[in-house]
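Q: Please construct the entire structure, taking both the sequences and the accompanying hints into account.
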Amino acid sequence: MITRLSGQAWKVLNAELIPQVTEIYDTARPRFSARGLKIVDRSTATGSFGGDTACATLCEPAMVGALAGDTDMLYRVSQVMREVPFTGDFWTWEPIRGVHAATVRLLESAADPRVDEVSGYLSFADNGGEVGPPQFNQAMKNRLEGGLLTHFQTAGYARPLKLPQFSYFMRRASELEVMWAFGGSDAWPRTRLDQELRASRELVGDFYA
Numbered sequence: 001m002i003t004r005l006s007g008q009a010w011k012v013l014n015a016e017l018i019p020q021v022t023e024i025y026d027t028a029r030p031r032f033s034a035r036g037l038k039i040v041d042r043s044t045a046t047g048s049f050g051g052d053t054a055c056a057t058l059c060e061p062a063m064v065g066a067l068a069g070d071t072d073m074l075y076r077v078s079q080v081m082r083e084v085p086f087t088g089d090f091w092t093w094e095p096i097r098g099v100h101a102a103t104v105r106l107l108e109s110a111a112d113p114r115v116d117e118v119s120g121y122l123s124f125a126d127n128g129g130e131v132g133p134p135q136f137n138q139a140m141k142n143r144l145e146g147g148l149l150t151h152f153q154t155a156g157y158a159r160p161l162k163l164p165q166f167s168y169f170m171r172r173a174s175e176l177e178v179m180w181a182f183g184g185s186d187a188w189p190r191t192r193l194d195q196e197l198r199a200s201r202e203l204v205g206d207f208y209a
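Residues 1 to 209 (this note's numbering) are what the sequence shown spells out, left to right.
Hints may contain errors.
Computed Cβ-Cβ distance ranges for the label pairs, DEER-style [stated by the list, open to error]:
#1 P133 with A111: 19 to 29 angstroms
#2 G7 with E130: 41 to 51 angstroms
#3 S33 with Q8: 17 to 27 angstroms
#4 K11 with F136: 18 to 28 angstroms
#5 D194 with A155: 12 to 22 angstroms
#6 G120 with P160: 18 to 28 angstroms
#7 Q195 with A111: 30 to 40 angstroms
#8 P133 with A15: 26 to 36 angstroms
#9 D41 with Q138: 37 to 47 angstroms
#10 A15 with D72: 21 to 31 angstroms
#11 G7 with D194: 24 to 34 angstroms
#12 L5 with R35: 28 to 38 angstroms
Calculated directly from the structure, the hints in this document are not laboratory data.
For each residue, glycine too, the CB sits at the ideal point set by N, CA and C.
A: Here it is, written out as structure tokens:
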């Protein structure tokens, strides 16, 4: 169900969950480069749940890890983010969907049976804040055709990415993960998405050791 949270309730939830995410990122610190560690520190210092930009910031190290194939980190972060309720704001919840989607991709690619467990959270918002099957509504069908992806204009990006470019690019990577987890489309089959994700990994490769 949709859960309305007051400002104080968000503070309590952040106080409970952000240290858990921080601990996961700290465990993964040896796998980040010097540039990547700055992203990790920034994410836990300024990221939070309850706002789309702050939540995207908190998710950035996980999304870098997803591109690098760090299944363990992604699964653990996904577990923590299952505790974040859906408050009715789809856009605020979207970075969390990206983490679940990236986890699904890594698990499914490895034929890991845990993929079924995580898949139940792909449409957590669309299912009214409940675990359930992925929902292929018209909005998602449009996304699978690249409707949202076309808004992320990153063709001229090159290493090393500056911070604003990095954050914007990770939003695009998150959308690719969502498209993959939902099966892609004729225009964007998983093979094409895999190519895009490999190219994305190359572009942010200097953030991961």
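Q: Which numbered hints turn out to be false for this structure?
A: Hints 2, 3, 4, 6, 7, 11 are the ones this structure does not satisfy, whereas the remaining hints hold.
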